[in-house]
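2 protein chains.
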Amino acid sequence: MKVLILGGDGYLGWPTAMDFAAAGHEVCVTDNYMRRQIAEATDSEALIATPGLSERARVFHALSGHSIEVRIGDLAQPEFMFEVVRETQPDCIVHYAEQPSAPYSMRGFREARETFQNNLDVTFNCIWAVKDIVPDCHIVKLGTMGEYGTPNIDIEEGWIEIDHKGRKDKFLFPRAAGSLYHTTKVLDTDLLWFYVRTYGLRVTDLMQGPVYGLSTEQADMDPSLCPHFHYDDIFGTVVNRFLVQAVAGVPLTVYGGGGQTRGYLNLRDTLQCVRLAAEQPAEKSELRIFNQLTETFSVNEIASRIKETGDRLGLGVEIKSIPNPRKELEEHYYNPTSSGLLELGLKPHYMTEDVLTGMFERIIANKDRIDKNRIMPRVRWKS
Amino acid sequence: MKVLILGGDGYLGWPTAMDFAAAGHEVCVTDNYMRRQIAEATDSEALIATPGLSERARVFHALSGHSIEVRIGDLAQPEFMFEVVRETQPDCIVHYAEQPSAPYSMRGFREARETFQNNLDVTFNCIWAVKDIVPDCHIVKLGTMGEYGTPNIDIEEGWIEIDHKGRKDKFLFPRAAGSLYHTTKVLDTDLLWFYVRTYGLRVTDLMQGPVYGLSTEQADMDPSLCPHFHYDDIFGTVVNRFLVQAVAGVPLTVYGGGGQTRGYLNLRDTLQCVRLAAEQPAEKSELRIFNQLTETFSVNEIASRIKETGDRLGLGVEIKSIPNPRKELEEHYYNPTSSGLLELGLKPHYMTEDVLTGMFERIIANKDRIDKNRIMPRVRWKS
Numbered sequence: 001m002k003v004l005i006l007g008g009d010g011y012l013g014w015p016t017a018m019d020f021a022a023a024g025h026e027v028c029v030t031d032n033y034m035r036r037q038i039a040e041a042t043d044s045e046a047l048i049a050t051p052g053l054s055e056r057a058r059v060f061h062a063l064s065g066h067s068i069e070v071r072i073g074d075l076a077q078p079e080f081m082f083e084v085v086r087e088t089q090p091d092c093i094v095h096y097a098e099q100p101s102a103p104y105s106m107r108g109f110r111e112a113r114e115t116f117q118n119n120l121d122v123t124f125n126c127i128w129a130v131k132d133i134v135p136d137c138h139i140v141k142l143g144t145m146g147e148y149g150t151p152n153i154d155i156e157e158g159w160i161e162i163d164h165k166g167r168k169d170k171f172l173f174p175r176a177a178g179s180l181y182h183t184t185k186v187l188d189t190d191l192l193w194f195y196v197r198t199y200g201l202r203v204t205d206l207m208q209g210p211v212y213g214l215s216t217e218q219a220d221m222d223p224s225l226c227p228h229f230h231y232d233d234i235f236g237t238v239v240n241r242f243l244v245q246a247v248a249g250v251p252l253t254v255y256g257g258g259g260q261t262r263g264y265l266n267l268r269d270t271l272q273c274v275r276l277a278a279e280q281p282a283e284k285s286e287l288r289i290f291n292q293l294t295e296t297f298s299v300n301e302i303a304s305r306i307k308e309t310g311d312r313l314g315l316g317v318e319i320k321s322i323p324n325p326r327k328e329l330e331e332h333y334y335n336p337t338s339s340g341l342l343e344l345g346l347k348p349h350y351m352t353e354d355v356l357t358g359m360f361e362r363i364i365a366n367k368d369r370i371d372k373n374r375i376m377p378r379v380r381w382k383s
Numbered sequence: 001m002k003v004l005i006l007g008g009d010g011y012l013g014w015p016t017a018m019d020f021a022a023a024g025h026e027v028c029v030t031d032n033y034m035r036r037q038i039a040e041a042t043d044s045e046a047l048i049a050t051p052g053l054s055e056r057a058r059v060f061h062a063l064s065g066h067s068i069e070v071r072i073g074d075l076a077q078p079e080f081m082f083e084v085v086r087e088t089q090p091d092c093i094v095h096y097a098e099q100p101s102a103p104y105s106m107r108g109f110r111e112a113r114e115t116f117q118n119n120l121d122v123t124f125n126c127i128w129a130v131k132d133i134v135p136d137c138h139i140v141k142l143g144t145m146g147e148y149g150t151p152n153i154d155i156e157e158g159w160i161e162i163d164h165k166g167r168k169d170k171f172l173f174p175r176a177a178g179s180l181y182h183t184t185k186v187l188d189t190d191l192l193w194f195y196v197r198t199y200g201l202r203v204t205d206l207m208q209g210p211v212y213g214l215s216t217e218q219a220d221m222d223p224s225l226c227p228h229f230h231y232d233d234i235f236g237t238v239v240n241r242f243l244v245q246a247v248a249g250v251p252l253t254v255y256g257g258g259g260q261t262r263g264y265l266n267l268r269d270t271l272q273c274v275r276l277a278a279e280q281p282a283e284k285s286e287l288r289i290f291n292q293l294t295e296t297f298s299v300n301e302i303a304s305r306i307k308e309t310g311d312r313l314g315l316g317v318e319i320k321s322i323p324n325p326r327k328e329l330e331e332h333y334y335n336p337t338s339s340g341l342l343e344l345g346l347k348p349h350y351m352t353e354d355v356l357t358g359m360f361e362r363i364i365a366n367k368d369r370i371d372k373n374r375i376m377p378r379v380r381w382k383s
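Each protein sequence line maps, in turn, to chains A and B.
If you count the first sequence from 1, position 209 lands on 209 in the numbering used here, and the numbers rise without skipping.
If you count the second sequence from 1, position 356 lands on 356 in the numbering used here, and the numbers rise without skipping.
Read the hints as simulated data drawn from the structure, not as lab findings.
Being a predicted model, the structure only gives us computed values, none of them experimental.
Incorrect hints may appear among the rest.
The list treats identical chains as interchangeable, and a pair is accepted whether it falls inside one copy or across any two copies.
No farther apart than 30 Å at their CA atoms in a straight line, the calculated lysine-lysine pairs in the DSS-like style are these [as the list claims (entries may be wrong)]:
{"id": "1", "residue 1": "K382", "residue 2": "K284"}
{"id": "2", "residue 1": "K165", "residue 2": "K131"}
{"id": "3", "residue 1": "K327", "residue 2": "K382"}
{"id": "4", "residue 1": "K168", "residue 2": "K284"}
{"id": "5", "residue 1": "K327", "residue 2": "K131"}
{"id": "6", "residue 1": "K327", "residue 2": "K165"}
{"id": "7", "residue 1": "K170", "residue 2": "K382"}
{"id": "8", "residue 1": "K165", "residue 2": "K347"}
{"id": "9", "residue 1": "K372", "residue 2": "K382"}
Go ahead and model the full structure; you've got the sequences and the hints to work with.
Here it is in structure tokens:
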């Protein structure tokens, strides 16, 4: 299968590219390094620096024998999107090419506009390139569990049948996200659904929870193949952040009450989910939606688990609630369904003591790289 | 009240401006004449040509004594949006500044992208200008009944309480629109809702059905004050189109089966609804949604009514079904609620024989201006 990965430089994009290549697929990655530029501008670089895509593709090829084609450019420009799709003729496009930081999207007008325009324009161009050039191509789009927010009813996998005043119909599950970044993904879903039902596109929208981890089969071959591991308040997801804080001897920064509950998954499971979806594509005219998570935890539960493992390693971990910079419910009902990917064949890697210990060891080896100035929240939802 | 009208050159924008000014409000209109340019480029000019905004404001002032300030510029450019809002300090913004043609939005990539970027960027800039400059300002946004599509359940006014597996919550009513234009309005609503609940903005989103008419108290003072009356397949709404076809001696072009049912309203009622909403604003942190329609009809019912009145005027009207250029259900359930605007004080003008006769007389007086090449659909949803 020919797979085109949009946003192939990212935390998930690069390991996904290696995973598909190692499985024998023909892989091309594109990126414009926007996330690297934002990380530099906001002093939020990854813990372990990695070279650009061409160098990583070279190292990966030398170690594995598998090739990854690299194309650098801005997919928000239709000319580049159309050129890449025309020249690569993909069977599957994995679309990660979005500005992925919720805090960055809430920083001010410039950052909000950059996020809004980049994310929507890339999705729009991707839809049109597929529709006009490779109409049978399957788009695997990374959405987010954050699209749903925290409703007081069970979260179904993308769709809900509503029984109202004695009549019934099936609709997209209602969405109410907690940041502009998450809202751009709501809009992406609306847009994809319109074009799917009008032109018969085939799309899988993966509603992913926060991902943690830095180890994958291919990434572990060489330090330069490591995914971008962020521990700052801008790009760092909560588990990754807490682990670094524990190693740095800084109290784990629980935002507010810590009852905020989300669905999490291991980076290795993201790779499984994306490949399972790609290898068992959606039908024509189908917007297939999966909730991509393996376990739910509150922030307090995550902090406790990390403290427990950290303490066992002699780190003496502290936990401290700080004022919540976000606008979100700190106590709420949360019950997402997530059977679809298990049915496709997902074998979850849960957040065990072993997994956390493995991550701790890797972070401890890079302890001198930690910049403590990146830990406290620098963006507030409402100033 | 200081009222800023975005898209003040439009079919609805200009009569709205005169209506607010005549009611004693301080009015500023902005426009970039995008719709005029598209009309020219697609050979879809209005039946009755009208001068630019400055000239119309001059005529209106001479006849009524009321002033309307005119600012020409592109609201999709944040600099212009921020400048206008900073300098006018509005109490209320009426946001009509969107590319309003469904067929144009479905014509090809260029037109789709133009629609998508203009509509979303103007809404985005408007939200930010209000949030940062006049946070108490009430945004009255023109949505469309088309956002809902044709669900098999009753259409509530914007919100629905969902009872699911023994738990309840209230959500935006599900949306599934039939064109990219209508989909941009779905995205507008999602975006407004995010910023309303995060920053406490006050917004009224008016889900309007197709509007018909060309007569208003102020517009009738002088031919140059007439709203842009389109009868072509690109900008013409169905009632206006059918009336012109009847006068031109062309069979009324019913798309497909003609069972497509929508909620309609008279242009005079649009003016009432928008002013009622503006004069009784939404609360802080409220996204108030009204369904703006006064009657529902199928396309076949509209065709029959127009034939009946036309025949009484001796026009010998024919009705002819043509292949449906759109992708839509031609037979469906349709039961929208619309009590909110009546409760605010709306006094409907229904589609009576008198109303249709008045429109016919005006069109007959301009019969020689009708270009029959603009009548058959020039855009197909799927080619």
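Fill in: Violations among the numbered hints, reported as their numbers in ascending order
Violated: hint 2 alone.
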